[in-house]
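Engineer: Residues per chain are reported as follows:
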Amino acid sequence: MRTKTIFDPVLSSEELRGSSRTVAEIEWLLLLLVLLFQTVMVPDQETSAALAMSMFFFAAFVLSFRYANFYRQESHWKIAIETGVMIVFITWVLFYTGGAESPLADLYLLVVIVSALTLGKVATLLEMALITGCYIWLGYPQRAAVDPFSLQSGTVLVAQVAPMLLVAYITTMLSADIRRAYGHMKLLSETDELTGVLNMRAFTAVSDRVFHQAARYARPFSVLMIDSDSLKTVNDLLGHEAGNRLLKMMVQSIQGQLRQTDVLARYGGDEFVVLLPETPCNGAVGVAERIRDSVESAPLTTREKKIGATVSIGVACYPDHGADLETVLERADQAMYASKSAGKNRTTAFSA
Amino acid sequence: MIVNPASTPLPAPDTNTVRGYGLEAVHSARQAAGADIEPGQLRDFSRTVAEIQWLLVILVLLHHVFQGSAEDHTVAVYFGLIIFVATILVFQYFAFLRGPRRWLLAVGTWAMILFVSWVLYHTGRLDSPLLNLYLLPIVTSALTLGQTVTLLQVGLIAACYTFLGYATDASFFTVVSAGNLAAALAPMLLVAYITTMLSQDIHHTMGKVRELSETDELTGVYNLRAFNPIVAREFALAQRHRRILSMLMVDSDNLKKINDTHGHEAGDRLIQHVVGAIRHELRSTDVIARYGGDEFLCLLPEASSADAAQVAERIRKRIADAPVTAGNATFATTVSIGVAAYPDHGTSREALARNTDQALYSSKARGRNRVTVAHGS
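Sequence order for the protein chains is A and B.
In terms of our numbering, the first sequence is residues 1 to 352.
In terms of our numbering, the second sequence is residues 1001 to 1377.
Take these hints with a grain of salt, some might be off.
Chain B is faced by these chain A residues, among others (derived, beta-carbon under 7 Å) [claimed, not checked]:
| no. | residue |
| --- | --- |
| 1 | M41 |
| 2 | V42 |
| 3 | D177 |
| 4 | A181 |
| 5 | D236 |
| 6 | L238 |
With a Cα cut of at most 20 Å, we get these calculated SDA-like pairs of lysine to any residue [claimed, not checked]:
| no. | chain 1 | residue 1 | chain 2 | residue 2 |
| --- | --- | --- | --- | --- |
| 7 | B | K1364 | A | L238 |
| 8 | B | K1257 | A | Q334 |
| 9 | A | K232 | B | A1309 |
These are computed hints drawn from the structure, not numbers from a lab.
From the three backbone atoms N, C-alpha and C, an ideal C-beta is built for every residue, glycine too.
So here's chain B without its partners, still in its complex pose (with noise of 0.2 Å):
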């Protein structure tokens, strides 16, 4: 049977379940990175917190250095002081040394935390003009390091006002005591609740532009920006677990007469078609990525050279068989398909390339409308 596929739409591309590999590979790879955050950003990110932790040791110092305060707190609170600015210049050094990380700036903020508590403690507990202090943490925690690590901070914090309020006599367990204790946490929960939501905002539309970014825009899937670091990962693992991998190359034999004789409409729909057959052919843990013009780069993790060229000559025959239809024009379209195997035919990403691109010529060679698997290595 033939399909007509102006009857038949392509299926419009399903991010969850045609590319369900490939977004999910994506994913955990940032995920080890560091959820949705980008290395730059965390740099950043680690600059700006290192800066705010020094404002801190600024603001407390000023307010020694006017307010001043009896002897033992003032030691007390110098003492606070070197301990806060030791560790500072540990976890800096450390993030230094090996690259930002998020759980450093977890840490970070956690210390920051600590170390108000600690001043309040020795200027006035919950009376401290210092108080204030405590919204550094939490927008920091609110910006940089996601919804539920600042709720565990805000938990924190409460537990130190309520250690800071904490009387020994009785009238602390009564619901006035603890009525002024929330009246006091409200600013920050308030805080923390409305900067947490904007910053999920921002990191929504980031996710859409990220999105983009990645994407082919005409047939949605991914181009080599997003494929190179999932082959890069997919290949490690096959390394490491000694698995194999395969690699298809798809080319259209004649886009390029498509495109003079029928115009780029009819191009773009042979284009449409092919990546439409090839979507349809692959399973759900493979992954596409558009890699010129007309060529198509398929990643086939745990799959041998034979299997890949089973499902190579399934996408070839789907190709050829069915017809394009673009305005008026009804023409036919074939391609080729070269194939390579991780580790037969290259042990380095860069030689299965090169193999595949190889098996690809050959098949062109050869006459078009055909596949090629890679010989030796």
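This is chain A alone, in the form it adopts within the complex (with noise of 0.2 Å):
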């Protein structure tokens, strides 16, 4: 709960792959300026050999860390880590190369926009406070001389900070707009495009998620499988539109009678699976009559007739009906096909 407050939620691990790589290269990157700055400026002794040794420290730690992080999922923890990293090398180097005088003092910009595209705010706005720290922290030496709490020493600080505080500031700002597009189409990309319900391909994350909760602490779910008795007709009958308008009403039906906790989600061309979590087989029972109620009592209206609609329900439990999520949504659905040979518009619990 508390990374969320931390980072941006929306990036999940599968997708910050790819910054994780760019993360790298920034990393090596950042080490050839350092040498670079080494080979092109050459520094004393005393220097030169204090840069060596951070360079090395740096190149280690990278190696090691993702090494050790191979074969891991992607998280914003390790970013946290890599720039938090990233500050500290930067400050050891900017220490022995001029305080925050340095020409290297910009090498902070690398840090301020990665943490601002991949960690989001909270994240960045700690970077910042850290790499302010680290400028007081260099800037004391001179300003100890003047006086550490004056004005002037105060302004010159600012004056040093406000470049990072721009650009954290604009790229969090830009990559907000970037996120929130991405959002949405995240949001398409899991919803059914007629219904508006979630598609097959969301329904099979959010119910690994449930039953993974339910075996774990050993509570029960129910899995409703409801399919329409009369989509076909009407279909045929009064072309596609009108089947199409019959499908929303049924998924309003529906809604109407779930909770905010229950997943619905269109299983294929006229059947619907809810998932109910923390709810055993006779209130699943319930809830399956209710919505079969709901369903019979909102016809179709067309321009010349209403047109009845009704559907067949299956509910299978778990652990009552099977052990893991397959066999339960297949009872689920043998339950639906017993509830249609039965003629229609009923509820049937799976039963072996």
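Join these two chains into a complex; the hints should help.
Structural biologist: Set out below in structure tokens:
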């Protein structure tokens, strides 16, 4: 839970994989730049040794950290730790190359941009605070001579940090725009375009999570399979437009009977699946009956006539009817077919 | 010869060859709208860029108020400010009237670069504390306009640097001054580079999600969300260039029964079989989409209703000739197809779709497993 408050939750681990590779590239780039500085500027021996040591430690960190996490899932923490170490490395290098006045001070921008684009705004704010802290520490020797708390040294600090703040601010803003579009597209990829309920791709992901929670905490859950009895007829008699309307009305009727935590998805052409977490069998049968009733009481009206719409429902529950999700889904499907062959417009709970 | 689909599995959906035209159509439509940014995203960007431009104005004003400068420089800075503010207002107004455009964003960032250069010229050139303001247009363009435009921006900034750092004496043309210039430019390059890189990553994942949102998960063909814009575009093209196009609606005759008797797995197998057959018969320029559970829509640009009926007949035959195998069950399957063409059977998209649907229905009514062309208009 805490992770969500610090990091932007939109990008999942799968989506961070691309960024993670780029972060590695940026780390090597950082190393290269410091190396270049050392070669071109030729600092005195002590500085040279300090820089070499810092580069050695940083390279060792990058290698071992990436090696250790090779097969691990990407997470925000990983990138957060890497950017933190980058800040420490840059601060060390700055300390030996002229403090806050060092020509390498702009390297902080790398960290700022990486965190604004991959970690979200709160994490970026924290990193900015860390960088400001580093600046205060680096500038201390000069300011100690004057007065560390004077207005003048404060102004100098603000002038030094201002570009970082600016870049952090606008990068975060633009990346928020990008993420909003991304979130919207993600939502589209997870919903059925006709009815707006989840598609199977999304249902698989959600139901896996529900199943694992149920299995871990030994809680029940139920599955309803809902199949329209009349879609085929409506499609054939009145055309597909009427059929689509029927589906939408069905979804409305179903949704009216569900709680916030229940999951509704389109399973196929005229079939819907409902997952009821923490609901035992008798509760699920009650819900199914209410859904059946609600669909029946909302007939499809066309210009000429009213057409009654009904559904057949099958119910199966975990752990009573199956030890894994596939079995429960399959049993609910079987129960639904039992409803069909018993004359449609009814609810059947699975019985072995 | 009867092909056993179990021994010769259907080819995996190949996005480049089979749906070649479809993707191309979507891509070119997108390019017209602005590379790979969504309209909603472009609107957000446009608003954020405006905010960044005002931020730039405020920063320059702040600097001016606190630092002060010689009188003629003051006049010059205010002159620059007024021109820049006028530019922002004009472009925002334009974006407001005509909707946000990518080139408006690009021009906005160019204006930012020119304004920053102007202010720098009057506040100490390369030693000016405002030098870092160049980072604003760079980050903006790297995140919103892509790598080529960003490269051009960096080129322009490099030119501005050279201009600002120019000294009339011979010392300008030395290695040292070139080195200093490069060192001053390095942070800009660095920021441009890594911002572009990270934004490429984000765009890449976005492209993947977009593809998911536009394809049917079972068969890999387009869903209606992707199909509708393609149809709209093809229809507009046909109308403008007085071309013909045809539409097929393919519906399985026994999916329901197979689902009921052999289970959903067999039903899925049947749908994949139908898609495979349709794909096999369509040209690379045709577009298929899954319409509902067992219906598929095909759009055949520049095909008359006679051509389309031939294609439909080949699809029908191909499906009827090959039985489907799922698990240990083998069953035959057939499809009914309706065909309608623009402009013969409808001059609007809605009318064409309705007539295709009706033709399909008469195929069903006349005994299924057949092709019917819509009649009249």
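Engineer: All hints are to be evaluated individually against the structure, with a verdict given for each.
Structural biologist: Right, here's what the structure says about each hint:
{"no.": "1", "hint": "M41", "in the structure": "violated (10 Å)"}
{"no.": "2", "hint": "V42", "in the structure": "violated (14 Å)"}
{"no.": "3", "hint": "D177", "in the structure": "holds (4 Å)"}
{"no.": "4", "hint": "A181", "in the structure": "holds (4 Å)"}
{"no.": "5", "hint": "D236", "in the structure": "holds (6 Å)"}
{"no.": "6", "hint": "L238", "in the structure": "violated (9 Å)"}
{"no.": "7", "hint": "B:K1364 - A:L238", "in the structure": "holds (13 Å)"}
{"no.": "8", "hint": "B:K1257 - A:Q334", "in the structure": "holds (14 Å)"}
{"no.": "9", "hint": "A:K232 - B:A1309", "in the structure": "violated (25 Å)"}
Hint check: violations occur at hints 1, 2, 6, 9; the rest are consistent with the structure.
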